[in-house]
Amino acid sequence: MRSPFAIAALGLALALSAGCGVDTASPARAAARFHTAVAAHQEAVACALLTPKTAEKLPDPDETCAQALAALKLGPGGRVTGVDVWGDDALVRMAGDTVFLHQFSDGWRVTAAGCEPRHDLPYDCEVED
Amino acid sequence: MRRIKDNALSLAFLVMFLLALAGQAWSGAIHYNEEQLVNGLQPVSVWAYVTSSSFAVDVAENWQSEYLQFLLFIVLTVWLVQKGSPESKQPGEEGPETDHEQLVGEHAEPDSPRWARVRGVRLWVYSNSLGLVMGTIFVLSWLAQSVAGLAAYNSERITDLRDPVTWGWYVTSSEFWNRSLQNWQSELLAVLSMVVLSVYLRQRGSPESKPVGAPHHATSVEG
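From first to last, the protein sequence lines stand for chains P and L.
Numbering-wise (UniProt numbering), the first sequence opens with residue 1 and increments by one.
Numbering-wise (UniProt numbering), the second sequence opens with residue 1 and increments by one.
FYI, nobody ran anything at the bench for these hints, they're computed from the structure.
Since the model is a prediction, treat every value here as computed from it, not as a measurement.
Be careful, since some hints might not be right.
Derived contacts from chain L toward chain P, CB cut-off under 8 Å, selection only [said to hold, decoys possible]: (1) Q42; (2) S45; (3) S53; (4) G92; (5) S155; (6) T159; (7) L161; (8) R162; (9) N178.
Just a sample of chain P residues kept apart from chain L, beta carbon distances all over 12 Å, derived [what the hints assert, rightly or not]: (10) R29; (11) A37; (12) V45; (13) T51; (14) P52; (15) A55; (16) E56; (17) K57; (18) A70; (19) G87; (20) S105; (21) R109; (22) L121; (23) P122.
Even for Gly, the Cβ is constructed at its ideal location relative to N, Cα and C.
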């Protein structure tokens with residue numbers, strides 16, 4: 001092995017893991033769509049933007065996802081203030097919420113929303129998987 | 001055929017390396033997808049896995065420790081000896097040795113490498129080229145581990161509903177040092193074992209061993 005190979009390997013690792021040309025717009029749009037649907041009381045639309053596991057976990061046994069989401073009365077998301085994308089996972093900071101997402105083959109889905117930060121602990125989220 | 005036989009050791013390790021890397025990719029993808037399904041996420045292709053930060057950090061952390069091991073072995077054996085070990089020089093021969101012993105400058109032979117015959121920077125670079133290249137690969141692999149590890153770690157943190165961290169935070173974290181040190185300790189133990197066991201044990205026909213009948217106190221004798 002020669003150093004050019006190692007340099008190439010490093011370049012590959014940097015490109016792959018640091019994520020050159022990371023698409024931050026798509027998760028931001030998905031988070032905004034989720035909050036727009038909630039604000040418009042289109043809970044079924046919002047539920048369709050959740051990951052299957054989150055949508056399954058949200059309702060009690062005698063209610064639907066849409067009913068459970070309506071009962072939570074999530075506050076408005078507001079404008080997007082920051083996006084972090086690492087691999088297939090993203091965190092979208094909005095003026096009124098922090099939304100966690102995962103990328104599926106058909107696009108970004110919300111894993112958690114209605115989240116409050118807790119100092120260096122996991123966020124406390126009203127909707128989570 | 002002659003060419004293959006003359007390079008059989010390199011070729012054997014190259015083939016084993018590629019098979020092991022392919023096996024790591026295949027088994028790693030299966031393991032990764034088991035975790036994906038447990039977490040209610042979609043399985044990924046082997047290609048998607050081998051281009052992920054998870055695979056990159058696993059590869060890089062092993063590479064850096066292997067190159068560190070050989071770098072230390074190459075450099076420390078210049079200055080440190082182990083009496084009785086075929087991996088060591090004779091006690092009293094510590095150091096870079098004379099130009100006459102190293103066949104450099106005016107002591108070079110007709111078929112010596114070109115940079116061994118000249119003086120100055122080129123001779124210094126060539127005299128240390130093995131250590132320099134191994135050291136460079138170690139540093140780059142370790143850097144790659146830190147970058148790929150940061151990406152994999154931040155992906156996990158977001159999955160766990162935590163804020164991602166910076167590179168500076170990551171390279172001073174227990175996660176990064178645990179990954180590094182768990183590899184280093186095993187590599188250092190392997191070198192220690194090789195140096196010490198080869199004093200007393202033999203592998204007939206191997207240049208890494210003393211001849212079977214060589215005494216335990218014989219140093220720098222290869223079979």
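| field | Hints violated by the structure (listed by number, smallest first) | value | Hint check: 2, 4, 9, 13, 14, 15, 16, 17, 19, 20, 21, 22, 23 fail, others pass.
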